[in-house]
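Asker: Given these sequences and hints, build the entire structure.
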Amino acid sequence: MKRNLLTAPLRFWRHLGYHREIIKHLRWTRGDARRFAFYQGLIRPGELVFDVGANMGNRSKIFRAIGARVAAFEPQSYCATFLRAAFSGDKDFTLVQTAMSDCEGEQEMFLSDTHVLSTLNTDWLERMRQGGRFAEQHWDRSETVPLTTLDKAIERFGIPDFIKIDVEGHELKVIQGLSQPVSMLSLEFASESLDSLCACVDHLAGLGPYEFRLSLGESMQFEGEAWLDPDGIKQELEQGVEHDPLIWGDIYARLASQPRTS
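Residues 787 to 1048 (the working numbering) are what the sequence shown spells out, left to right.
Derived from the structure by calculation, the hints contain no laboratory data.
What you were told as hints is all true, and nothing was included just to trick you.
The calculated label-pair distances, taken between Cβ atoms and stated as ranges, are:
hint	residue 1	residue 2	range
1	E890	R927	23 to 29 angstroms
2	T930	W814	35 to 41 angstroms
3	Q966	T815	35 to 41 angstroms
4	D878	M1006	22 to 28 angstroms
5	G994	D876	29 to 35 angstroms
6	G832	L812	20 to 26 angstroms
7	A1042	W814	33 to 39 angstroms
8	R870	F822	19 to 25 angstroms
9	R813	E1028	34 to 40 angstroms
All figures in this text were calculated on a predicted structure; none of them were measured in a lab.
Glycine included, C-beta positions come from ideal geometry on N, C-alpha and C.
Answerer: Written out as C-alpha cells, the structure reads:
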C-alpha cells in the first residue's frame, strides 16, 4: 500500500530539507485564512484552477480547501518533490513538473537560494539586482526544465475557471501562450517589470473584453471600488509606482461579459 509521506516523522522531512515547509502545509495559519476568504469570492467548489508557478503549494492548498480541482505547474525539482508528497493521494490535485511559456521546448532556469525567486527571465533577474530589491539573493545554480503553454494545458485539462500565474518575471511569455479567453486569472507583478505587465494587459485585451483590479502585496484584498478597463489599470499601476517605487502584488483580470465577483 502506498504510504502518504505526510505521515512520515518530521525527522524524515528534516533530512530532505523540507521540515519548515511540511509544518506550514499541515497547519492552517492566519495567512491561510485570509487567502481562503479572498479566493472563496473568486472560485467555486468543483471548478478547475491552474496554479502556474505552484512553488510549495501555498495557493494550491487554499484552492483545494475551497473544493476546486487543481492542475499545478511547477518546474523546480525541489518544489515538485515536495508537492508530490504533500498532495499524495489527492485525486483532485495534479502536478505537472514543467514551466509555462509561449512555446514548448526546454529552457535553463536560474535557481535562487530562496526558491520562490527562481526564474527563467535573465532580464528580470538583472533588474531585480540593479534595483536593490533582492540585492542579497544569489542565483548561482541552474536547472534545465521542460516548457509547455497554457493552450497545451487547456488541451489536456480543459478550460480553467481561474488561472493563478506567479513566475518571477516570465508572466508575459506565459500569457503569450494563451490564445483564447478564460473567465478569470491573476498575474504577479513588481515595479521593475511594469512594462511587461502592461504588455500582458494588452494581450488579454486582444483576447476578449477584460477588466482589471489590483491587489497589493499579500493584502488579499482589492484596491479601489471598481474594476478598470485596460487603460485604467495601467494608469493605476503607474500611479502606484510613483507612490512606491518598490510596489508589488497581483492584478486580477476577468471577462466583463462573465463577471464572477463584484
